[in-house]
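Starting from the structure of chain A, add chain B where the hints point.
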Amino acid sequence: MQQLDVPARDPVRKGRAARRTPALRRPRFAVPGEWLAGYLCVLPALLVIGVFALFPVAYSLGLSLFKWDLVAPEATFVGLRNFETLFASDEFRRVLRNTLVFSLGTVGLIVAGALGLALLLDVGLRGIAFFRALFFIPYLTPMVAVAALWMFLYDPQRGLINVALGLVGLPGPGWLQSTTWALPALILVKTWKVVGYYTVLFLAGLQSIPPEVHEAARVDGASGWQRVRHITLPLLSPMTLFVVVIAVIGSFQDFDQVFVMTRGGPVDSTNVLVYYLYEQAFQNYRVGLGSAVAVLLLALLLGFTVVQLQLSRRWVHYQ
Amino acid sequence: MGQTPPQQVRTRSWGVRRPGGGTRIAPLTAAAIYALLAAMALVVGFPFFWMLATSLKKLPDVFVFSQVLPPEPQWGNYLTAWRKAPFARYFFNSVFTATAILALQFATIIPAAYGFARLRFPGRDLLFLLVLATMMVPVQVTFIPAFVVVSRLGWTDTYLALIVPFATSAFGIFLLRQAFLQVHQAFVDAARLDGCGHLGVMRHVMVPQTAPALITFGLFSFVAHYNDLFWPLVVTESQRMRTITLGLASFIEFEGGTRWNELMVASLFAMLPLILLFLATQRFFIKGMASSGIKG
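Sequence lines, in order, name chains A and B.
Per this note's numbering: the first sequence = residues 1 to 319.
Per this note's numbering: the second sequence = residues 1001 to 1296.
These aren't lab readings, by the way, just hints derived from the structure by calculation.
If you're wondering where the values come from, they're calculated on a predicted model, not measured in any experiment.
Built from N, CA and C at the ideal position, the CB exists for glycine as well.
For each label pair, taking beta carbons as the anchor points, the in silico distance ranges come out as:
1) B:A1031 - A:A164: 23 to 31 Å
2) B:P1027 - A:E91: 56 to 64 Å
3) A:N284 - B:L1130: 28 to 36 Å
4) A:G303 - B:E1072: 53 to 61 Å
5) B:P1027 - A:F304: 42 to 50 Å
6) A:G124 - B:V1148: 48 to 56 Å
7) B:G1123 - A:N284: 40 to 48 Å
8) B:V1043 - A:P156: 17 to 25 Å
9) A:G124 - B:D1125: 40 to 48 Å
10) B:R1089 - A:Q283: 22 to 30 Å
Chain A on its own, in the form it takes in the complex (with noise of 0.2 Å):
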């Protein structure tokens, strides 16, 4: 490489060896070195990413066709079979429109909520560092945490929740204990929780709107919702995709609050895909069956991007 005879940190040099030499300003390395350098670079972490995500996504697709218990020396090929037992059993439509409904849920409340309260913040009012870092707190929780309070908080005889809906005059449902309530007990606890994260994405999306473009329409006479809802909702729209993307493809990966609060109960009714997948390979043993789940998910989770991808050129401006 370059052979200068300058030592190594010495700004005043470094400054006045870059000013003097402008042939030199953008050094020309033998190429193969630059090859080779390159390689080393990017080796490690694909090292990492062949062994631990690659070769696995390859290797759930070819498990997905096998029965086997992860005890047995050779895994049995079954073809297809695995994904007709799981599309002929109640308890997998039931596992699949769960989750559904469950992403539904969160990505809807994430969306209205997270834009609403950014919204809010970026008035540029006082006191608005308190609130951002408040609702960021949740998201920092770990969620067994976040699940153990709100098991507290769910309680149907004596829970907060209860006792504050009875005070005026509301029947509290018996939350995660019911087959009709679960799910959405679980849907707002997942909400609380990652709102703020989201949140804080809007709020990264709103402060690049630039300025300008307010005051121009405001000297046009618009009013605050119409510069809303013309100005800061279209131009906002990018990061609106990417929130919807990110809360989709978190929302599907939803196990934790599963594990802890419901384990999928009462009567599968909190049963997810992911949560799923773990009952299958790692309490029954059925590999085979839990890869064609993962398969699923990933197949789901590809084909809901490229949809909203597809679908976003309708809304989504880019300025």
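Coordinates of chain B only, in the frame set by chain A:
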């Protein structure tokens, strides 16, 4: 003095309106906004307050709502809960695991991002596309094969199993590559003229210039792995290897529905390190979120 490197453009702290864009808000509107924010703050904050209050109550009083604050705070609950499970061990396992993962991630993603952003070599863009593609894969999809790999290697119930599968992060490479692309070439040239090799450029130029992005990534990674439940659940067996989330989950199984005060103590234990970490890094973190390419 020669060219001192221009200071990186400081990202404005959020919530402070940039000059010129200042909205003049009517007092009534401001009051309405504060009221809404306060209502949301109550929804978010009150459960935590209730957690804290319950952790200090006597067991028979945990459902006594007239008692907002316990008249005699039972600090003894903290000692009782601490003694009920090996929390010190849990803490160590979680903090050690998350720290080791982060250290390995920095060691792999900094060179990788540098390679993808600043070096030319055949196949670079294809390899980067491969990295991007893995970002789309939900981690749980990889868990069955990863479990097979880990058990074939004889790593079950060891730190290796908890750490090595997460030794790099596709998201981290993506985030950091964006940041490295924005570093001005003049800094790199200057460092190279000073005799820095690629490692020197990373150490003296790239890392210092992109510190907010690195810290933001670090916080997210630490939080994610400290909070993880699924993977430790699958690859650990012994009490000795349990992480704090697993320990808390089993605490809930045995004490949930009965000893709520001690359960709230245990939950507070679990969240404490992350809150402290957030408070310590918040300043950089906000800068990093704003400048690290996640804007639309």
